[in-house]
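There are 2 protein chains.
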Amino acid sequence: MTFVAIIPAGGAGTRLWPLSRKSHPKFLLDMTGAGRTLIQATADRLADLVDDLIIVTGTAHAHEVARQLDLDDKSIVIEPSPRGTMPAIGLVAAIVEQRYGGDAVVGSFAADHLITDTPAFQDAVRTAIASAETGKVVTIGITPTHPETGFGYIDVGHETDVAGSFVVDRFLEKPDLESATAYVESGTFLWNAGMFVARAGVLLDALARFKPELADGLRSIAAEWDGPGRDEALGGWNELEDSVIDRAIAEPLAEEGGVSTVPVSMGWSDIGGYTSLAEHLDDPAHQVAEGGSSQPVYLSGSDSSVVYSYDRPIVIHGIPDAVVIDTGDVLLVTTKDAAGGLGGVVSSLPEGISDLR
Amino acid sequence: MTFVAIIPAGGAGTRLWPLSRKSHPKFLLDMTGAGRTLIQATADRLADLVDDLIIVTGTAHAHEVARQLDLDDKSIVIEPSPRGTMPAIGLVAAIVEQRYGGDAVVGSFAADHLITDTPAFQDAVRTAIASAETGKVVTIGITPTHPETGFGYIDVGHETDVAGSFVVDRFLEKPDLESATAYVESGTFLWNAGMFVARAGVLLDALARFKPELADGLRSIAAEWDGPGRDEALGGWNELEDSVIDRAIAEPLAEEGGVSTVPVSMGWSDIGGYTSLAEHLDDPAHQVAEGGSSQPVYLSGSDSSVVYSYDRPIVIHGIPDAVVIDTGDVLLVTTKDAAGGLGGVVSSLPEGISDLR
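Chain order of the listed sequences is A and B.
Taking my numbering, the leading residue of the first sequence gets 23, the next gets one more, and so forth.
Taking my numbering, the leading residue of the second sequence gets 23, the next gets one more, and so forth.
The hints are simulated quantities; they were obtained by calculation from the structure and are not laboratory data.
Bear in mind that the values here come from a model prediction, so they are computed numbers and not experimental data.
Note that beta-carbon positions come from the ideal geometry of N, C-alpha and C, so glycine has one too.
No incorrect hints appear here.
Chain A regions said to be covered by chain B (calculated; three or more residues, Cβ under 8 Å):
| no. | region |
| --- | --- |
| 1 | 334 to 342 |
| 2 | 369 to 375 |
The following residues of chain B were derived to be distant from chain A, with all beta-carbon distances above 12 Å:
| no. | residue |
| --- | --- |
| 3 | Q90 |
| 4 | L93 |
| 5 | S97 |
| 6 | F193 |
| 7 | K196 |
| 8 | R252 |
Whenever a hint applies, use it, and build me the whole structure from the sequences.
What follows is the structure, given as structure tokens:
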């Protein structure tokens, strides 16, 4: 069996601005002081399991990704433009199909998630591979720890022939708090963390049924990828349909019983904002922004603050849950509660700051 | 008549830290962007009225005071150590008594107050001088604009023979809010801004009655001040009693009917903190700390904030009434409400920040 990990390394988001920004999205950063960037940690976790590893990213970050992971051109797939997770993952799956055959198993793992229990992750991936070899598209589902409204959920059915793998009855959109609470209390729902494992051929054949033009387009590009026709074939990229893998394959296939899930508790986080980030820092109040130096920080009536210093000491007084991020070129002052609305702030930054997005 | 203004230029306080600090207290700073430092503005307001001007300050700031006001040594009285307002003002009054005689009128005006209506101030000083020439110790009283609990109050009695000058029935300590509200509503109470006007001889003779040793000590030093014996005479400074002029003279003399007050509305402020400072800034959200350069500031859900930038843009989100002060060597993040407690914060700053007090 051949197993190839796909790591989509896409946009920066805004909820960790200004630490994470277009020019250095969080997957390129050591967000938790672990000594490895998020994409490095993602690759590290997979190293023992994979026969090959392919990153799919944009032109802006391809060089830095290759540098951080010490990869050659064959392991970096550069999207001409972002068109959603389905074309990105689908193209790599089609390239794997060309290189290793359709029975090769691919697994897609986000570049910017955090997982603290690596053995649990690896066990889950092994189970997912076993389930994928029975012809399923497999999603790794996270046992929920709280009624989070920011994630989609997986409604789990009966166990499959592969122990630890369960049929997915359906995928559920991000719920309201009442529904989320009910899901978590039921004990039969998982968080959908967007990690998919499947045979390359199974994935592309499913896509060929649900979105035949997209599957054709991706397979056509992949056929030329390792030859002289790549650039010409990529000319068709911009005509591909924008889509995400959940909508394009997982949801319709789940209705047919074709999707399974492997539940796991592994200290997973998508580090979706400063509150989430703070939970993974040894000392949220004394972080150093990239390029800066450790500075004294004094908190008075400002417990539970998240502070990144750069080149000057910081004193915070009387703001519980303050978020103070000094990156040297810009200073953000907000609170954990308010930071959920950073997207609107970042999109409306005025001239003189907007180029720091 | 000879009128000599005394400007005590003492400590930094803590309520405007880190803008105002020991090394550059607020009187040496242009706090409002007026183009003049507070001590310069104080001297400017008095220029038309005075025959002479004497600053009393510590060794740390004597040079900078002389530079800012273009004064020679004769106009700077350096205290060997701070011992409260009574020894400071009393020493200068005694020097004036030596130089100009006891009938010369002295007036003491803080170096770090803000007054927006200079003509009203000057009229009040002229009235105070006239009242002082009748033998009174005169205090300039501020017509209250709100029930402030941070100031002492003056209980005003009947008008004296000098129009616009009223007998002080008594001085009242800083009140609670209920008392302050009652004072303001009564219409017969003024804020005590600590500005005193009196004949030098009257002031010192009063002191000689209430604190004879202190008066003797000050007059002994003053007798040698302009001769070769100054340094030797100053040896007695450290044995003088620490005291403030309100307790030492104003309160006991008021009980005898010896104090008058001139009520005035003149846009007075002691700039006692960031809330007070903000009221005197054209644009509190876009100030520049000394030595810094103007930077973009973006406020989102953070109206009424006070922001001093230094060398990087600042984004504040979701903190109404934020106070964000970047002085380049330290960053303070607080709120207008919390800033009232800055004293405790500054006194407990840890190593690495404490030297920035």
